[in-house]
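Asker: What follows is each chain in one-letter form.
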Amino acid sequence: MKAYVKLICITCVFLMVSCTSLKMHERVYVNDPEMQMGDGSAAQFEDYVESIRGSSVPAKSKKGSGGCGCN
Amino acid sequence: MRRILILASLLVFSCFTKNAFGQKKNQAPQPTKQEIELLYNHYIQDGNNSAVTGGIGTEKLNVYGPSVRITRQKGKGIWNFKGGTDIISSASTDNIDSIQSSASVLDARTYVNANYARYFPQKKWTIDAGFGGSIESDYFSYAPEVGVTKGSANGLRNLEVQFKTYFDDLRWGRLNPGYNRPVKLIYPDELRYKEWTDQYKRQSYNLNIGVTQVLNKRNVLGIFALVGVQNGLLSTPFHRVYFNTDSLAVEKLPNQRNRFSLSIKWNSFVGGRFILKNTAYAYTDNFGVLAASLQHETAYKINRKLTVLGDLKLYSQRASDYFAPFKEHEITDLYYTSDYDMSQFQTLKLGGGFKFRPYLYKAQPLINLITLRYHHYLRSNGLRSHAISFAIQLPIGKKMNP
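Top to bottom, those sequences are chains W and L. The first sequence maps to residues 78 to 148 in my numbering. The second sequence maps to residues 201 to 602 in my numbering.
Keep in mind the hints are simulated off the structure, nothing from the lab. Please read all numbers here as calculations on a predicted model, not as lab measurements. Treat the hints with care, as some may be off.
[Claimed, not checked] Below 25 Å or equal to it, Euclidean Cα-Cα: the simulated BS3-like pairs (lysine-lysine) are:
#1 Lys527(L) <-> Lys394(L)
#2 Lys274(L) <-> Lys323(L)
#3 Lys384(L) <-> Lys394(L)
#4 Lys549(L) <-> Lys260(L)
#5 Lys100(W) <-> Lys549(L)
#6 Lys276(L) <-> Lys324(L)
#7 Lys100(W) <-> Lys276(L)
#8 Lys233(L) <-> Lys562(L)
#9 Lys100(W) <-> Lys513(L)
#10 Lys549(L) <-> Lys465(L)
#11 Lys276(L) <-> Lys527(L)
#12 Lys452(L) <-> Lys505(L)
#13 Lys282(L) <-> Lys233(L)
#14 Lys350(L) <-> Lys100(W)
#15 Lys384(L) <-> Lys276(L)
#16 Lys394(L) <-> Lys100(W)
#17 Lys417(L) <-> Lys324(L)
#18 Lys527(L) <-> Lys233(L)
#19 Lys100(W) <-> Lys323(L)
#20 Lys100(W) <-> Lys501(L)
#21 Lys233(L) <-> Lys276(L)
When you get a sec, could you build the whole thing from the sequences and use the hints?
Answerer: In structure tokens form, the structure reads like this:
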């Protein structure tokens, strides 16, 4: 647990110091739909199935419970 | 607790909708964007470690999953509605009863979810609230959720917090003719001579916290944490457990599960055509499960319209403290399961697909996006599956400006 807390703290510091400034015309790559962190509906279905067939639930996953283990 | 959450969700929901539709008369009408997504998922699975038969026996399963999602954006508010049905043909479900047919039992899971998000541009806040539910013959679940996202002044960093809850009832009978109401838990046929538990409800509380940071022109990093707590009946009442004494019981697990998960995502645009997406996550809980995963996905833009996808995922899991294979549990064990989803295993997932995004300079395209994905999943205990997803997104209603 302590390792997780350390990792989170280090990452937060990293994020704070890595602030950059981009002009609007420089954001063409980061604004590309494929660069977004969210998953499409098709990928969400795969996450859903995997969260059932494995015992873990990844952070940002749509599934936390709610039925259909489907055995 | 549950009532407070539902009331809070409804209150937030009503405030947003009031703001969204309570436009002032002198305000210029804002363009409406509407989209419908039709999605079909097909999942095929086979294996020989079904928990219904105590860790042995078929896991053959087919899921046919059509769904529809409608998104309506008006001004600074976005409505999202999703509904669908998973039609499930499960061979192992046959084995709950003593009458074992070669044909598989058909079941269905129907679900809906509605969500409203409102963006406040001056403060860079987005607040959202939603409500979902699902029903099966032996399951009913409803799920209120709220969330907030705060963007930085330069738009390069987002902090998001989501709180989602599930309230589940595992009693059977709602969709069964002659009953049409929750009646009882379903145990394996030969174990129905007594009640194995006096609980039939399960509550899940999931808090997701995430930070997304644009590092430079081509790199975005995201860090996400999940803290989850589950209470109530966490075992599945029709899972059998065979002890090393040949006696038989219904799966039994503790009534509380605490989960923690951490994911790191790094998306990188390389050259003019390649997007590399890397994800790593770690997971632990008080059942003794420890899991880690690495995933890489490459998206290659052949041209402005067509993107080809390929991905690989490695996953490793340590078994729960309460897991043992068929006939390996001691009769003195306090908790026990032979569900191989809680066993030690490694998995490999390989897949690919494409996205087609028509682009017209001045006209409205008939289709916004077509996605086709296929995945093959291999588990070290022999379970294999195939998943195919096809999605098509269409604009509806008023035409949007290009």
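Asker: All hints, please: hold or fail.
Answerer: Evaluation of the provided hints:
1. Between Lys527(L) and Lys394(L) the CA atoms are separated by roughly 22 Å; this keeps the pair inside 25 Å, and the hint holds.
2. The straight-line distance between the Cα atoms of Lys274(L) and Lys323(L) is roughly 19 Å, inside the 25 Å bound, and the hint therefore holds.
3. Among the hinted pairs, Lys384(L) with Lys394(L) is consistent with the structure: their alpha-carbon atoms are about 12 Å apart, no more than 25 Å.
4. As the CA atoms of Lys549(L) and Lys260(L) are separated by approximately 18 Å, the hinted pair is consistent with the 25 Å bound.
5. Restraint check: the Cα-Cα separation between Lys100(W) and Lys549(L) comes to about 39 Å, which exceeds 25 Å; the hinted pair is violated.
6. Taking the CA atoms of Lys276(L) and Lys324(L), the gap is about 11 Å. The hint holds against a cut of 25 Å.
7. The suggested pairing of Lys100(W) with Lys276(L) holds, with an alpha-carbon distance near 23 Å, which does not exceed 25 Å.
8. For the proposed pair Lys233(L) and Lys562(L), the alpha carbon gap of about 16 Å is at most 25 Å, so the pair holds.
9. Using a Cα cut-off of 25 Å, the hinted pair Lys100(W) and Lys513(L) is violated, with the two alpha carbons roughly 35 Å apart.
10. As the CA atoms of Lys549(L) and Lys465(L) are separated by approximately 18 Å, the hinted pair is consistent with the 25 Å bound.
11. Distance hint between Lys276(L) and Lys527(L) is unfulfilled; the C-alpha atoms sit about 59 Å from each other, more than 25 Å.
12. Distance check on the hinted pair: Lys452(L) and Lys505(L) sit about 52 Å apart at the alpha-carbon level, beyond 25 Å; violated.
13. Straight-line distance between C-alpha atoms of Lys282(L) and Lys233(L) comes to about 17 Å, which keeps the hinted pair within the 25 Å bound.
14. Annotation: proposed proximity of Lys350(L) to Lys100(W) holds, straight-line Cα distance about 20 Å (limit 25 Å).
15. For the given pair, Lys384(L) sits about 46 Å from Lys276(L) by alpha-carbon distance, which is inconsistent with the 25 Å threshold.
16. Between Lys394(L) and Lys100(W) the alpha-carbon distance is near 69 Å, which puts this suggested pair outside the 25 Å criterion.
17. About 21 Å separates the Cα atoms of Lys417(L) and Lys324(L), which keeps this hinted pair within 25 Å; it holds.
18. The straight-line distance between the Cα atoms of Lys527(L) and Lys233(L) is roughly 58 Å, outside the 25 Å bound, and the hint therefore fails.
19. Of the supplied pair hints, the one linking Lys100(W) and Lys323(L) holds, its CA atoms being roughly 20 Å apart against a limit of 25 Å.
20. Restraint check for Lys100(W) and Lys501(L): the C-alpha separation of about 24 Å stays at or below 25 Å, so the hint holds.
21. In summary, the hint linking Lys233(L) to Lys276(L) is supported, as the alpha carbons are separated by about 11 Å, within the 25 Å threshold.
Of the numbered hints given earlier, the model fails hints 5, 9, 11, 12, 15, 16 and 18; all others are met.
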